[in-house]
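Q: Going line by line, the protein sequences match chains B and V.
When we follow the numbering used here, the leftmost residue of the first sequence carries the number 2, and every step to the right adds one.
When we follow the numbering used here, the leftmost residue of the second sequence carries the number 5, and every step to the right adds one.
Hints listed in this document are in silico derivations from the structure and should not be mistaken for laboratory results.
Just so it is clear, the structure is predicted and the values come from calculations on it, not from any experiment.
Okay, derived cross-link-like pairs now, EDC-like style, lysine to aspartate or glutamate, Cα gap no bigger than 16 Å in a straight line:
#, chain 1, residue 1, chain 2, residue 2
1, B, Lys-93, B, Glu-123
2, V, Lys-6, V, Glu-127
3, B, Lys-125, B, Asp-156
4, V, Lys-313, V, Glu-298
5, B, Lys-235, B, Asp-326
6, B, Lys-125, B, Asp-92
7, V, Lys-229, B, Glu-33
8, B, Lys-341, B, Asp-324
9, B, Lys-101, B, Asp-78
10, B, Lys-341, V, Glu-128
11, B, Lys-235, V, Glu-128
12, B, Lys-341, V, Glu-127
Computed, partial: chain V to chain B, Cβ under 7 Å:
#, residue
13, Arg-40
14, Gly-138
15, Leu-226
16, Ile-241
17, Ile-253
18, Ala-374
19, Thr-378
All C-beta atoms, glycine included, are put in the ideal place defined by N, C-alpha and C.
Chain residues, written in single-letter form:
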Amino acid sequence: MSTTEFSSSAAGGGRQTPSPVPPPSGPLARREARLAWGLLTPTLLSVALVIILPLIAIFWISAKPIGLSDLRPTTPDVYERMRGKVTAAGDKAVIEYRLKNSSREKPIRSVTMTDQWPAGLEAKGLDARCTIANGMISCNLGDWEPGYNERLRIDVVAGSEFVDSGINIRDSEPVMRGEASSELFSLSFTWDNFRSVFDSGEFLEVLWVTLFYTIVGTIGALVVGMLAALMLNKSFSGQGILRGLFLFPYVAPVIAVAFTWVTLLDPFSGSFNALLVQMGLIDTPINFFGQRPLALFTVTAFEIWRYFPLSFLFILARMQSIDNDIYEAADMDGASPFQKFYYLSLPQLMGILSVLFLLRFIWTFNKFDDIFLMTGGNAGTRTLTVNVYEQAFAISNIGAGAAVAVVIFGCLLAFSFFFFKFLSREEGL
Amino acid sequence: MKQGYLLAGVVGILWSLTIIVCLTIVMAFSTGLPVRPVWFASALQGAAIGLVALYLPSRILGLLISLALVLGISLLQPFGIALGQNSLAQGIGVLILGLGLYFPLRAMVQGLPVGRLTRHQFEEGIVRFLTGFGYVFFTAIVIVPFYVMLMTSVKGQQALLLNPLDFSIEWEKGWGLFRSYKELFLEHHFGRYLATSFFVSVATVLVTLLFSVPGAYAVARLRFKGQAVMSRSILLIYMVPMIVLALPIYVGFSMFGLRNSLFGLLLIYPVTTIPVALYMLQGYFRGLPGEIEEAGLMDGLSRLGVIWKITLPLSLPALASVSLYVFMIAWNEFLLAFMLLDDPSKFTLTRGVTMLNSSEVPRQHLMAGAVIATLPILVLFLGLERFMTKGLTAGSVKG
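Bound-form chain V, shown alone (with noise of 0.2 Å):
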């Protein structure tokens, strides 16, 4: 099998079913037209043109006969419908499908001979191979979840019932297709439960940076009895399974009636989020010059003074990241504000959009639920990338 014309064949067929699902996909989603691969014929192009990248160096000549080979193989029906259904969507359909094919195979065979291959050529290939299968695969499992709850939320419960793979935008409804978000916002209290989030959330943050940051502080810095086993001990503290915390909680507060309280959830959020907080800093710390710190102490400056005036402000972007991760795990967290709160004045968001899941409220609130709970905090990833990455990492792999 190692011969360049078969590599090229095979890794054609490969891509091309690849290609085809997704642009079926593709058009299925943005057109609601019924789409289907015809499986044999994109093999054969597959193999076709896979050949055409390996054996003819021009790239105009190359594409042409591609996009040529897509239409005839298929016998002009490239999605499996009639070509006169939607031309124009077809019709681009099958100008990236000719594109898609033709320009990823030919980077793929690019320099391998056309009779036999040595093994690193060979090898050479099924990477380049894979690797393109890996951008296609990886970013269709990421991006399909998240671009069908955007657009059920969007969509009416009639047009999904009567096709689930329709998701093209209604435009013609022009700001009725927020019409589930108003329905949260006006009738569900969303936006109190956006507001208590927020709060919940900001306030974990606040409270963990005031207990973590001496604490770091003495690991990394102080010297006493303890300091080593403390600094390894403290990430022991993630081992323990939320479940087996939250049910004696809920005992408790049940008991000293601090259910149904935002301050109750306060008591409990800060300290899941304190342990790899401090294990984040300390780190930092460690990392921190001493010599400022001790010429701050020869100047009159208090340990606590130091801190406040020296450590703090040079570890701005580890708190950033800090903030940053620990505001993520309390604005996600849903298993306590599940057990702790029946009160809906009281919901956090992940709460109000668990109220959502019933058979009687629409599948689009529940997505458009599940926009709103996101967006905030994909929104605050995507600006802050390189502090909420560092923090990823650095606060180690806590799921």
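So here's chain B without its partners, still in its complex pose (with noise of 0.2 Å):
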């Protein structure tokens, strides 16, 4: 049984298989493909744009030495004011830049200044470096080397249309244009990434915790799926709602149950220790989210107490759908509950189960939610998905975190390439 064909038939209509004749080809066949692509296009615009391009950055990013403060473009600062005080026509005063390049690394290229004067300002002893124009100052600043700091002073006198006005001269702002390169533009690539993510002693324990996550974390959701499955494949009243309720915990945004299972389980004032306190089962509280390996294993019991009842939805789907006849003739042939259910069921349900045991796997790896808002990765529990954002924004190093995620696209690829394979022909999908 194919995915295809559980979305089909949930919705309650059946799959016709796509001929194998090819399409005809004429004008008629022509104006369809066209419409066909059409309508196809926003689609597959915005999944090149969000989707495809984020993928080929990450590539490029991961080969990129930089960190979160790089992601701030580099430009040039001003801070301009009036030294002295004008109160008639003539007095003399001096207009102060303060320029400076905030960036202790990288030079910016080509400053540019200009700056609206307001009317009834004169400048005496203009700096070669700009011209005045219309009540407008340009001024050509040149390259600055990085911690670049410089005080740009003007003399002026103020005629008496500026001292009427009252304009104050820091009603327009100066504009500054200047280049700056930005490492992330930069044609020059490096392994330093990779490499600090291979060396560091992590590593190794990061993809242990991820594969100990990810095969654990599926099969329990399968079995305890199956198991829930088993129970309500029987009618009785009430089968709704119980299956309804089953629901709950996949169906409840992750914020909400994950901060729950916090409180839950805190060693101070969570209930569980305070039960098994009381029940006599233990006699000091145990801090199921601090400490190693108990961490790892508490946020794969979360995992499977979260997405068990997909599992179940699916499998319970698959055995409604098993025909009663076999399981009364097996009734006459004397089968035993157990045998029925490994001889039978089993079998019938083996399509559901692989099917569902490969896409649980993937999307199983691909988790970040679930263990970040838990343990934060703490305590023995960082798994790649969110060693990316451990390395990007905890250590700050994007390149580094970019680098994760490449390895994960990579593990991605060769479990889809092998998946696919097998699946194509076991499942035909």
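Need the complex rebuilt from these two chains, each delivered in its own frame; the hints are there to steer you.
A: In structure tokens form, the structure reads like this:
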């Protein structure tokens, strides 16, 4: 049974397999094809922009030595003020521009400044780099090295027009322009990010944690979901209510349930620990999210708890579509309940189980929110996905984060290749 | 071990332990009493009542003996504390314990002989126990976290530190029970977060439908080169983890100043849902009879006219499922909102709840935030479960 089939059977219609005959070519067919591509264009464009482009970008970024701070553009800074009091026409004053390159690493090239001066100000002894035309001062400030700092002073004489208007010189902001190279767009590449990711001793641990979380989480959710489905696979009143109830963990926002688990399992004020102590099962509260390797088991248990509803839903749907006749026949032959399950139900469920396993495997591998919200990747729960975030934002090394992301992508390609080869043979996907 | 009395005894012990644990939790949560199971007595009670259920056909007599056993074997302390403490609650507890032990056990051993069991009977007994255990276990693991979430949000900080197990409602506080909610709405702007989340989710649904309906129709109905590839590869997009996309999106948005804008968020959200919506809809469109559409074409409708006037009205149930599913994804989305929004005036609900997870904010505020985030989606789910379940099934296993 393929995924396509449950979508259509769930949506209420049988699927017609596309005809193997090649589509006829002619003006009508061409028009139809054009229309089809037209209808698909918005989707394809958006997918290309939001999925494909970032995927390419991640490879690019992973070969760049950039950190979080490099994302802010390097721009020339300016602070403008007037020194000296102007009370009457003919008073002298100085207009001062404080110019600064606040970046400590990057130069800014070809800096220019333009500023609108209020009417009635006359410059005396203008800096050679500047010119004034129609009350607009423009300066060519050249190249600034990192940390560049200058005070550009211009002596002015105020005319009566300026004094009367009472305009503040700072009412018009100077406009600064300059070219700063961003590391992001340069054509120099480095292996440093990958090296730092692979060299750090924790990479193997991250890999192992990811594998444990993925495999145990996937199989656990499948088995628990199957048990729940077996239990509800008989009609009785209240079955619908229970079925709806069992879907709660999956439907509720991850943020709500994750924080609830954290609250529930808290070693100091958590109810679960208090309960265990009161029942006499433990003496001192257990720190479920704070200690190795328990934290990993706890987040895996959470994963199973949150996603068993999905396997439950699918397996139940499949079970209910199994013809009852074979069970009646088996009863006639005196088969026991376990025999019926093992020899009749399980083979029928194998298809959906393997599809679920493959898909859930990949999605558990990709899971980020749950662990991030519960432990933040501490106490030996850092999976590859959490590591992306850790590297990029906690250590502020975007490049290294991207390198981990590339590793994830590589793993996924390998999985998909393997799985889809397997799937297309076994399940006709 | 395949003897009726042995099976009844063992099943009785296991069932009794299950029931006593659940009842202890219920009693502790609802009364705050320091109740605890007396393990040995419970096991003994279970074995005894299992045998009573097996040997004694009379229901009333069996129930009475069971109640007597519950009280007798535990030396009048069925919950590990003197019956004098909150006698009413304990009395009800004993009654439930007696009923919960006797009747399920009776159902489990019903029809089993006292002596040697056939394989069929033996397994049947075990399956019956496992089913009963499953009902209790699954209901408990699903309900307890949500119950704790809800009850913590209406408790005071002091009361919870004093006894983390006491989730009894302090009725005397009246409207004061909702203090956390009041503070969230008045001081933490949760009203605005709620509105933002609602707006973002609805907009995501609309944009998703706008894009995916024509695409799905093309894949399902029109013949063109690459149709088969398209319908199969569309789901491959779901194999790409969000965190891998989120990083370059963060970089790009930082450079183009799209971070901290709902517009930026709305550029991304629909694209994450379009593929699955397209996939679900094309499955449904395929199942619609093509003849009606052909009749429409004959009568002079254009293709777009056919989609608008014939296909869409016929697909309303599927559209409802898809919309609900997409709404749920957008409403629950956390990662992108967390990474892209820093400005509290633009937070979505999930992003707002993250802010409450700090040591300076009391736990009940966090839980109240969780309840506010959960309630709309659960209400929607319960009200439209039929569509939602279909959406979940058809939406395949996106996590």
